[in-house]
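Protein chains in written order, with my numbering: chain A, 1 to 261; chain B, 1001 to 1277.
No lab work stands behind these hints: they were computed from the structure. Since this is a predicted model, take the numbers as computed values, not measurements. Accuracy of the hints is not assured; some may be wrong.
[Said to hold, decoys possible] Each pair of labels, with its calculated beta carbon distance range:
#, chain 1, residue 1, chain 2, residue 2, range
1, B, Glu1127, A, Glu52, 39 to 45 Å
2, A, Lys47, B, Ser1147, 51 to 57 Å
3, B, Thr1069, A, Phe115, 58 to 64 Å
4, B, Lys1033, A, Gly74, 48 to 54 Å
5, B, Asp1169, A, Ala255, 53 to 59 Å
[As the list claims (entries may be wrong)] Covered stretches of chain B (in silico footprint by chain A; criterion: 3 or more residues with CB under 8 Å from a CB of chain A, positions within the stretch not fixed):
#, stretch
6, 1101 to 1107
7, 1115 to 1128
The C-beta atom is built at its ideal place from N, Cα and C for all residues, glycine as well.
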Amino acid sequence: MTMSRRRRARLFRGVQYAVLLIAIAVLALVADWGTLRQAFFDVEIAKALFPEVITTALVNTAYYTLLGFGFGLGLGIVLALMRLSTVPPYRWIAIAYIEFFRGIPSLLVFIALGFGVPLAFEVALDMDITVMLSLGLVGAAYMAETIRAGILAVPKGQTEAARSLGMSPGRAMVSIVMPQAFRIVLPPLTNELILLTKDSSLVYLLGLSLGQFELANFGRDALNEHKSLTPILIAGLLYLVITLPLGHLVRRLEARTAKAR
Amino acid sequence: MKSDKAPDTPAPSDQAIEVRDLRKSFGDLQVLKGIDLTVGRGDVVCVIGPSGSGKSTLLRCVNLLEEPTSGTVTVAGTEVTDPDVDIDRVRRRIGMVFQSFNLFPHLTALENLTIAQRRVLRRGKEEAERIARANLARVGLVGKERSYPAQLSGGQQQRVAIARALSMDPELMLFDEPTSALDPELVGDVLAVMRSLAREGMTMLVVTHEMSFAREVADRVVFMDDGVIVEEGTPERVVGDPQHERTRLFLARVLDPAAAEMGEVPDTGPHEKRADR
């Protein structure tokens, strides 16, 4: 029996919807909704988390992220310029740094700075500095590559025009190339900020005091206290409060860049 | 090839541009094969020739955007090919206009004109802006101070680029095919600005395909082919009565659109032919 193409497509789509409906029905019947609701969204527990989950945890997450991002951006710019240097050793150092820190887990860097450095050198690093370095050292490696690509994406004619006006190479870079490069890399840099926001959860390793809790640590602490998954869900949702608008911003910036080209 | 120079050539130091035995290679490709060229102060010299003849490279060697392989280039008494010369300092005195404008897209028209004045010449904000406004007026763009390059037409962008170069008070100007990237109807405005500059006595070295401009404005026309200067002289001589076969061939192709259709087309956009009809 032969079937028209249209009939076959309709049948195929029908099958897909049927599978979906069956799956939902099975889930609805099998799942113990009362237990699930209690585990994931206990309203009483959720209420008890506020306002600290915002005023302490969310604020600290944002604070740690910005510390790491600021340091990482500064170091990333330096690395990008080194990577583009005409002096070979600078390029080698930058390449080695970038490859190393892109290749190892952030967790390892946190352990090294949080526990290794204080033990080895018998210095207690300030918490903010530890966080800034741990997040920034890895972030800088990624940002350096992004910024380098941005600098290379600025047309050569821009540098030529700047040099023709008598600007030195450094002046042309700072006044003409860099501002344009940053426009180009704004979307990928914002993505980097999103990644750092999530990576900031690793701070919980460092053993924070109550006032230093960020979202992950706060959630875990409340989990122990309430024996409920609700705090984890709340913490997850609050990460989304930061990352979803940033993701939206990235798409807006990308659309604007696409239009300007 | 012997280039026929004007007989009354003044002393070298009086020249705006002195090019001596200039050679430039990119890898194995020899683009300039020994160029001698003199541009006197206040002269307008047009360089014509087929694409790949090395005329843009010659121009770019004058302000050292390309490093010559050998030979010397002297601009207003300063030998720019001397490794000890501060090239940034020399470039301030040389205005450069590019085929693709190369305006700074992140700055307004006014800021395009002020940034080098302020960062390079260290002029104050007020002075730089006053000079910038005057130069925008000079190229007929009053009211466009706040516009970004992307908001301007190609012809307007190129005029901003000319005004940007003028704002540095250059002693001479280099034009690298300034109208080749423009829509035909926008070419006239740019040429008008260049014409008025020439009339004001600006020294200009212009690589162009605009034969009517060369004939009307140039003091001398230089025809280049295959990395050498084939002939040079007054426009009447070079364009009107070329001595060399290669020049005649090139001019026939550029000036006669029908011939251009029959293969071996030089790199002339449709507008040049139109301008010459």
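Original post:
Are there three or more residues in the stretch 1101 to 1107 of chain B whose C-beta lies closer than 8 Å to some C-beta of chain A?
Top reply: With 5 residues in contact (Cβ-Cβ under 8 Å with chain A), the coverage given for the stretch 1101 to 1107 of chain B holds.
* Range hint compliance [Cβ, B:Thr1069 to A:Phe115, 58 to 64 Å] -> 59 Å, holds
For the stretch 1115 to 1128 of chain B, count the residues whose Cβ lies under 8 Å from any Cβ of chain A; is that count three or more?
holds (count 5)
(request) Could you check the hint for me, namely that B:Lys1033 and A:Gly74 are 48 to 54 Å apart, CB to CB? (result) Holds, since B:Lys1033 and A:Gly74 (Cβ atoms, about 49 Å apart) stay within the stated range.
| said: The hint says 53 to 59 Å between B:Asp1169 and A:Ala255; measuring C-beta to C-beta, is that right? | reply: 42 Å, violated
How does the Cβ-Cβ distance of A:Lys47 and B:Ser1147 compare with 51 to 57 Å: does it lie in that range? 56 Å, holds
- Query: Holds or violated: 39 to 45 Å for the Cβ distance of B:Glu1127 and A:Glu52?
  - Reply: Since the Cβ atoms of B:Glu1127 and A:Glu52 sit about 58 Å apart, the hinted range of 39 to 45 Å is violated.
The structure shown violates the earlier hints numbered 1 and 5.
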